[in-house]
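Peer 1: Sequence:
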Amino acid sequence: MLATDPTYTAQIHQLMLRNAIEQFNCQYAAALDEQRLSDWSEMFTPDASYVVLSRENEDRGHPVGLIYCENRGMIRDRAFALEKTAMFAPRYLRHLISNLQLLGEDEHGNIKARANYIVLQVLFDRPDATIHQVGTYYDVFQRSDEGLKLKQRRCVYDNLLVPNALCIPV
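For the sequence shown, the working numbering assigns the number 1415 to the initial residue and increments by one for each residue that follows.
Everything labelled a hint here was simulated from the structure, so no lab data went into it. It is possible that some hints are incorrect.
Cut-off 25 Å, straight-line C-alpha distance, at most; resulting in silico cross-link-like pairs (DMTMM-like, lysine to aspartate or glutamate) [as the list claims (entries may be wrong)]: (1) Lys1526 / Asp1461; (2) Lys1526 / Asp1559; (3) Lys1563 / Glu1472; (4) Lys1563 / Glu1436; (5) Lys1565 / Glu1497; (6) Lys1498 / Asp1461; (7) Lys1565 / Glu1448; (8) Lys1526 / Glu1436; (9) Lys1563 / Glu1448; (10) Lys1498 / Asp1447; (11) Lys1526 / Glu1470; (12) Lys1565 / Glu1521; (13) Lys1563 / Asp1520; (14) Lys1563 / Glu1497; (15) Lys1498 / Glu1448; (16) Lys1565 / Glu1484; (17) Lys1565 / Glu1470.
Ranges between beta-carbon positions, derived for each pair [unchecked claim]: (18) Arg1450 / Gly1475: 30 to 36 Å; (19) Asp1419 / Asn1573: 41 to 47 Å; (20) Pro1541 / Pro1477: 36 to 42 Å; (21) Gly1523 / Arg1450: 26 to 32 Å; (22) Glu1470 / Ala1503: 26 to 32 Å; (23) Thr1499 / Ala1543: 24 to 30 Å.
Here the structure is a predicted model, which is why all the values come from computation and not from measurement. Ideal Cβ positions, reconstructed from N, Cα and C, are used throughout, including at glycine.
Whole structure, please, built from the sequences with the hints as guidance.
Peer 2: Below you can see the structure in the form of structure tokens.
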């Protein structure tokens, strides 16, 4: 293939975009795993939405979720509350994000993607790691001067129950 071939150029664009989203997801997971929630909140656009809801509610079209933030201000408030005021048992979390799929880009530059996630949790008073949540991210990204930002992240979890408290975002 020649570099001037439109198919080749489109494939390179897709590979670069996929790599950018994978790097974003790595930074996202690290911010949450290290409980840098202020950094996490800055990964969203000002008009972003962040929702965590069950597969059952998603499938039935019910918007009710465990977390529902309608803009970055609400996301920042949640981060501040968790960092400064919330009391919960100490824990380590590991966010694993995989099976990224690019679903397309519209004329406004919105990039749709989805990826599977799993959150493992270790409580300081227990010897083993447990699965805290398993699900799928349904994302809309936008480019900014700082790189990609989330315009929308819908975290649809498959668990029938979410054990313990949902302290740290997914």
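Peer 1: If a hint holds in the structure, say so; if it does not, say that too.
Peer 2: Hint-by-hint comparison with the structure:
no.	hint	in the structure
1	Lys1526 / Asp1461	holds, 16 Å
2	Lys1526 / Asp1559	holds, 19 Å
3	Lys1563 / Glu1472	holds, 23 Å
4	Lys1563 / Glu1436	holds, 13 Å
5	Lys1565 / Glu1497	holds, 23 Å
6	Lys1498 / Asp1461	holds, 24 Å
7	Lys1565 / Glu1448	holds, 23 Å
8	Lys1526 / Glu1436	holds, 13 Å
9	Lys1563 / Glu1448	holds, 19 Å
10	Lys1498 / Asp1447	holds, 17 Å
11	Lys1526 / Glu1470	holds, 22 Å
12	Lys1565 / Glu1521	holds, 15 Å
13	Lys1563 / Asp1520	holds, 16 Å
14	Lys1563 / Glu1497	holds, 22 Å
15	Lys1498 / Glu1448	holds, 15 Å
16	Lys1565 / Glu1484	holds, 10 Å
17	Lys1565 / Glu1470	holds, 23 Å
18	Arg1450 / Gly1475: 30 to 36 Å	holds, 34 Å
19	Asp1419 / Asn1573: 41 to 47 Å	holds, 46 Å
20	Pro1541 / Pro1477: 36 to 42 Å	holds, 38 Å
21	Gly1523 / Arg1450: 26 to 32 Å	holds, 27 Å
22	Glu1470 / Ala1503: 26 to 32 Å	holds, 27 Å
23	Thr1499 / Ala1543: 24 to 30 Å	holds, 27 Å
Hint violations for this structure: none, all hints satisfied.
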